[in-house]
Amino acid sequence: AQSVAQPEDQVNVAEGNPLTVKCTYSVSGNPYLFWYVQYPNRGLQFLLKYITGDNLVKGSYGFEAEFNKSQTSFHLKKPSALVSDSALYFCAVRVEYSGGGADGLTFGKGTHLIIQP
Amino acid sequence: DTGVSQNPRHKITKRGQNVTFRCDPISEHNRLYWYRQTLGQGPEFLTYFQNEAQLEKSRLLSDRFSAERPKGSFSTLEIQRTEQGDSAMYLCASSPQRGGHEQFFGPGTRLTVL
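If you're matching them up, the sequences are chains A and B in order.
Count the first sequence with our numbering and you get residues 9 to 125, in order.
Count the second sequence with our numbering and you get residues 2 to 115, in order.
Heads up, a few of these hints could be off.
Claimed, not checked - Derived BS3-like pairs: lysine-lysine, alpha-carbon spacing no greater than 27 Å straight-line:
1. A/117 to A/66
2. A/117 to A/85
3. B/58 to A/117
4. B/72 to B/12
5. B/12 to A/57
6. A/77 to A/57
7. A/117 to B/72
8. A/30 to A/57
To be verified - Derived list of chain A stretches under chain B, where covered just means 3 residues or more per stretch with a C-beta under 8 Å from a C-beta of chain B:
9. 51 to 58
10. 78 to 90
As the list claims (entries may be wrong) - Have a look at the derived ranges for each label pair, beta carbon to beta carbon:
11. A/26 to B/65: 27 to 33 Å
12. B/56 to A/60: 22 to 28 Å
13. B/27 to A/61: 40 to 46 Å
14. A/122 to B/39: 19 to 25 Å
15. B/4 to A/94: 20 to 26 Å
16. B/67 to A/24: 28 to 34 Å
These are calculated hints, taken from the structure and not from any lab test.
Ideal Cβ positions, reconstructed from N, Cα and C, are used throughout, including at glycine.
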């Protein structure tokens with residue numbers, strides 16, 4: 009069974025500082041990895057994904073994430089945080105499609121990111 | 002707006018009643034997914050459709066839950082004999098094809114069972 013761990017319930021960062029939101033995963037097979045953001049009273053919004061290729065992927069709003077196969081991690085990063093980045097962030101994984109189903113995403117519990125002015 | 006839409010946005014019901022939610026995916030997307038999210042947790046996968054075919058169901062989907070996508074367009078999720086434990090946000094998502102494409106989520110239907 010696949011799983012995702014987000015070890016921090018909350019991350020506090022001062023505006024302008026770099027931020028990191030951690031994610032580790034466990035799958036049997038090649039992972040597809042995703043980050044989503046959820047604002048209050050709004051649906052999940054896609055930020056970025058890793059499928060294959062370069063380990064550093066860039067996404068929306070200046071976010072990026074680094075895939076590390078040996079550490080089974082996919083940490084979300086941003087060089088300079090904005091107050092508007094404050095939200096709930098979810099990491100998700102699914103296995104590379106092999107014709108055997110298992111197409112649903114498995115999500116972590118989420119990390120509250122709080123950017124302080 | 003051509004995103005995923007869900008109706009109703011909120012539903013309050015009494016225990017034992019049946020409820021039905023609707024999801025309209027992005028029009029060119031042939032895959033549709035249902036998830037459930039409870040407070041403090043990430044979304045949990047329930048089921049998905051490719052066109053009208055229901056291809057996968059989670060163990061979370063008890064026999065009181067049924068989902069349909071009769072013409073491969075919109076989908077409905079019905080919960081029969083609701084229980085207080087069914088209170089959650091029910092999310093729908095769609096994607097254009099398999100193979101790593103991200104899923105686009107709707108705003109969700111918040112169900113409260115009294």
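Going through the hints against the structure:
1. A/117 to A/66: Roughly 23 Å separates the two Cα atoms, so the pair holds.
2. A/117 to A/85: holds, 18 Å
3. B/58 to A/117: The hint holds at about 21 Å.
4. B/72 to B/12: Distance of about 25 Å is within 27 Å: holds.
5. B/12 to A/57: violated, 33 Å
6. A/77 to A/57: Between residue 77 of chain A and residue 57 of chain A the Cα gap is close to 15 Å, so the pair holds against 27 Å.
7. A/117 to B/72: violated, 34 Å
8. A/30 to A/57: The given pair, whose Cα atoms are some 15 Å apart, holds under the 27 Å limit.
9. 51 to 58: Coverage by chain B holds for the region 51 to 58 of chain A (5 residues, Cβ < 8 Å).
10. 78 to 90: n = 0 at 8 Å, threshold three: violated.
11. A/26 to B/65: 27 to 33 Å: violated, 47 Å
12. B/56 to A/60: 22 to 28 Å: holds, 24 Å
13. B/27 to A/61: 40 to 46 Å: Violated: the Cβ-Cβ distance is about 25 Å, outside 40 to 46 Å.
14. A/122 to B/39: 19 to 25 Å: Given range 19 to 25 Å: holds, Cβ gap about 22 Å.
15. B/4 to A/94: 20 to 26 Å: holds, 23 Å
16. B/67 to A/24: 28 to 34 Å: This hint is violated: roughly 51 Å between Cβ atoms.
Going down the numbered hints, you'll see the structure goes against 5, 7, 10, 11, 13 and 16, while the others check out.
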